[in-house]
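Asks: Here's the letter readout for the chains.
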Amino acid sequence: MAAEPMTVRSPQYVGARVLRVEDKKYLLGRGRYLDDVVLPAMAHAAFVRSPHAHALIKRVDVSAAKALEGVVAVLTGEELAELGSAFVTELQRPDVLSVTKPLLATDKVRHVGEAVAIVIAESRYLAEDGCDLVEIEWELLPAVVDAEEAISGDAPQLHDDVPNNNVAHIEFATDGVDAAFAAADHVFGKRFHCGRSHAAPLETRGVVADFDLGTEQLTMWSSTQLPHFLRTLIAPHLGLSEGDITVIAPDVGGGFGLKAHVFVEEAIIPLVARRVGRPVKWVEDRIEHLAASGHAKEIVMDVEIAVSDDGRFQAFRGRYIGDGGAYSGFPWSCLIDPLPAASLLPSLYDVRELGYTVDSALTNKCQTTAYRGPGMHPGHLARETLIEDIARKLKIDPVALRVKNCISSEPYVTANDMHYDGGSYIESIELAQELVDYAGFRREQLAAREQGRYIGIGFSPFVEAGTWGSEGARALGFPAEFYDTASVTMEPDGTVTVTTGTFSHGQGHHTSLAQVAADRLGVRLESVRVVDGDTSKATWGAGTYASRTATVAGGSIILAATDVRDKLLRIAAQMLEVSPDDIELYDGHATVTGVPEKTLPIATLAGIGYFGGPLRPEGQEHTLSATRYYDAPETYSNGVVVVIVEVDIETGAVELQRVVAVEDCGTMLNPMIVDGQVHGAIAQGIGGALYEEMVYDDAGQLLSGTLADFLYPSSMEIPSIEVSHLTTPSPTTEGGMKGMGEGGTIAAPAAVVNAITDALAPFEPEINHTPVRPSDVLALVARGPAQRTPKP
Amino acid sequence: MKRDDNHDGAIVDGEIEVRLQVNGASRRGRAEPRMLLADFLRQELVLTGTHLGCEHGVCGACTVLVDGAPVRSCLMLAVQAQGADVTTVEGLANGELHPLQQAFNEKHGLQCGFCTPGMLLSAAVLLEENPAPSSEEIREHLSGNICRCTGYVGIVEAVQAAAQAGGGAEASVATTPAAAS
Ligand code: FES
Ligand code: FES
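Line by line, the protein sequences are chains A and B.
Under our numbering, the first residue of the first sequence carries the number 34, and numbering increases by one thereafter.
Under our numbering, the first residue of the second sequence carries the number -5, and numbering increases by one thereafter.
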């Protein structure tokens, strides 16, 4: 045990910096992740994956692999197709085509890394040996790796039922948008290509499946963000009912949206476990993870802004072509990037004329999946770097230009019907200016330039569409029902068990959600246990992603805990002979307001609730438990990321000197955890801006197949990150929370890019892609009018 | 398991008996010559605190100490650790949390926890070598350990806090059997 209980003394928990109750097991090395699950007689799986971007499978010969000692079974795509059904990704909207993905490829592969066969063996080493012995005869097909080319009509078609390789063409326009552009004093536009990214959690994917041949029930462990939703979605593909499946998400080493999907491997491993009659484990290796899990965020964007002479934004227009890769990620589809990118085009600007089109191309690359700030991060880059360019061209300060066009702090409905719940849009920008001493920085910058040093500052104010409830999902273009449920039970001894269908995989919910319940029930935090990650133990829920847990799980816990609280109050009122309204529940005691000696331990009330007989108020049911659901309305956290860089024009190196963030996510459950989310999100944004990219060559070969090519930022690349808070509680959610956790990833890339262009202003740079590499910086310097005299 | 009476390193059924000190205790297990030290620790010795994030030497999640020095156990074979003195994250706490472990909790130096064991061991080596490192020195020292969750902010603060709490002096890592007992 730690010497001190890991809580603060104040019994008022929400808003307090409560240390995480889950840390100790991880610190001791006792976390139990997917690869730590070991079952008797467990066999191990490895996949044979395609080395080609696009090819027909002419013949698969598994005989040598089957003959290898220690190999238990080898299955091909055709055999798998007999065991379970292919995935069909479809959105509940008529303008989006469905895309089918076979469990294992049968006749054709569509990207490097696509799984073709599976080998089950006594050890992972042997399974990989078996994979080496599987012989496949291919007939190569031409590959398409460019999204625009893919939908041009001239490209090879990946799927017979997706004409033109375009999963969706979606248009939105206000009536006056074209006229606004026609009449504008200025129209500025730019094309921006956001590089192909990867969530790349430190723990890869993995599945363990145990099919009990006696009960015919399946227990599966998966490194997932959405255990219940996974069960709901996977059951039909396994030919099982949900009631026969238990999904357990063990400790999960990061997800960032990627693990908020259902992958074919999650169907294949249970199917083969049933087939071989033994538990089977598959742990993805990093090479597979990079090539074959889910890529993200590659969009080609054309954004235009109509501006008046005095710098008023009059209309926004955007065209977004997402590069979805070879399949439409299940279940969110390959629109997960381009559609939110377009939907959030207005951001915090008061623009009433708006238009956009969205296309979602299929190419011979790995499928795309959600990754922190999906679509919002690329879309933000295109808009915010354009605004920076406009400021320079109109000779208006870029921060002033933003403030001038910013909405007020009141709730606001955008031209495309997103319902912002109010925030500190201008205030956060002003606070950020103060924090970095903006005026002082400008002076410093001039002085530095005199000395031949190039420092720059980039502002990136954002709104973040968090909280994936039904309304929030619909606002981003994904019309379906999303909510969550929680159960709150006060046990007979007064301790509390909370179960939730969301799932903590690094966010510290066992602490933050316990804070919510503890406050509502007036018990100490140590008395509350949060249970998640196991469909047999927790109530149904859609999982943790899209910054939804604080709002939807928090809200459902508030509602359920309130029901239990009401019962406690009635018991206390009867025992203390006052009205329930006069009772306070606080720090484990029920006390008559203003009469501290009239008090009872809540544990006593709990005992009465279960076993109190006549002491229980007449008509009150036994037990103290409630299950409630909550579908949070839309929420929009807001904030600013400011980055200060120094650019070395000799080497092209960009050094981040300062990163300052202002965050407003409404009511904070735990500011320490909020800060951690801001830090992590910004670090990932910096990675996307400067380092991380999944690169393919023209033939569709993956050039970023290892972590030597896909570069995670290390502690040397990420500077300290200063976080400040403003608090504008949501007027619409239970508790005033707003979804948060993605803003840093949405905003930081544009802050970095804007800082670079600001530093290089004398060279009149325009940056139109990420990541920005040293060679890009050198090219900007070489091209610019302020070109230095070449070195002798 | 029948004891192999031959000298250490004899191959029986394609496997070699590996004997080593782990967290101060004598341990032995069998390993194919190709078995990674990380897999040996995790599978044979069931010390699952050592994690694998890449298996190609980049992420540092698999960091353990071999004879006191940080090593990527995904780049070392079990048989190469024959007779070595290995410390894993399970050997860090000594009845109570190591000052680094305490500080990681207090400074929010972990989120998903997957990088944490490697991070703690790397940091422990730093504090042994340099009991009062600057944040720059911490960042440089930990640059071989990737964390995807925290942006390193809480980690750097935690290492600093542990140093201030005397982590450098007290934090002697269990590199010898005596220290680990
Ligand atoms: S697993 Fe060894 S360095 Fe990544
Ligand atoms: S805490 Fe998740 S990788 Fe570091």
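No lab work stands behind these hints: they were computed from the structure.
Worth double-checking, as some hints may not be accurate.
Claimed, not checked - Restraint-style ranges between C-beta atoms, simulated for each label pair:
no., chain 1, residue 1, chain 2, residue 2, range
1, A, Glu688, B, Asp61, 34 to 40 Å
2, B, Asp7, A, Ser96, 47 to 53 Å
3, A, Gln190, B, Ala4, 41 to 47 Å
Unchecked claim - Part of the chain A face toward chain B, derived, beta carbon under 8 Å:
no., residue
4, Leu60
5, Gly62
6, Ile281
7, Asp284
8, Ser747
Unchecked claim - EDC-like, lysine to aspartate or glutamate: derived pairs with alpha carbons at most 20 Å apart:
no., chain 1, residue 1, chain 2, residue 2
9, A, Lys57, B, Glu90
10, A, Lys57, B, Glu9
11, A, Lys58, B, Glu131
No experiment lies behind these values; they were computed from the predicted model shown.
For every residue, glycine included, the Cβ atom is placed at its ideal position computed from N, Cα and C.
Asks: A separate judgement is required for each hint: does it hold in the structure or not?
Replies: Hint-by-hint comparison with the structure:
1. A hinted range of 34 to 40 Å for the beta carbons of A/Glu688 and B/Asp61 is consistent with their spacing of about 37 Å.
2. Checked against the given bound of 47 to 53 Å, the beta carbons of B/Asp7 and A/Ser96, roughly 26 Å apart, lie outside it.
3. Between A/Gln190 and B/Ala4 the Cβ separation comes to about 60 Å, which falls outside the hinted range of 41 to 47 Å.
4. Among the interface hints, the one on A/Leu60 holds; its C-beta lies about 4 Å from the nearest C-beta in chain B, closer than the 8 Å criterion.
5. Taken as an interface hint, A/Gly62 checks out: its beta carbon lies about 2 Å from the nearest beta carbon of chain B, inside 8 Å.
6. Interface restraint check: A/Ile281 against chain B, minimum CB-CB distance 16 Å, threshold 8 Å, status violated.
7. At its closest, the beta carbon of A/Asp284 sits 7 Å from a beta carbon of chain B; the interface hint therefore holds under the 8 Å criterion.
8. With a least beta-carbon distance of about 4 Å to chain B, the hint placing A/Ser747 at the interface is held under the 8 Å criterion.
9. Among the hinted pairs, A/Lys57 with B/Glu90 is consistent with the structure: their alpha-carbon atoms are about 11 Å apart, no more than 20 Å.
10. At most 20 Å may separate the alpha-carbon atoms for a hinted pair to count; A/Lys57 and B/Glu9 exceed this at roughly 36 Å.
11. For the hint linking A/Lys58 to B/Glu131, the alpha-carbon distance of about 28 Å lies beyond 20 Å, and the restraint is violated.
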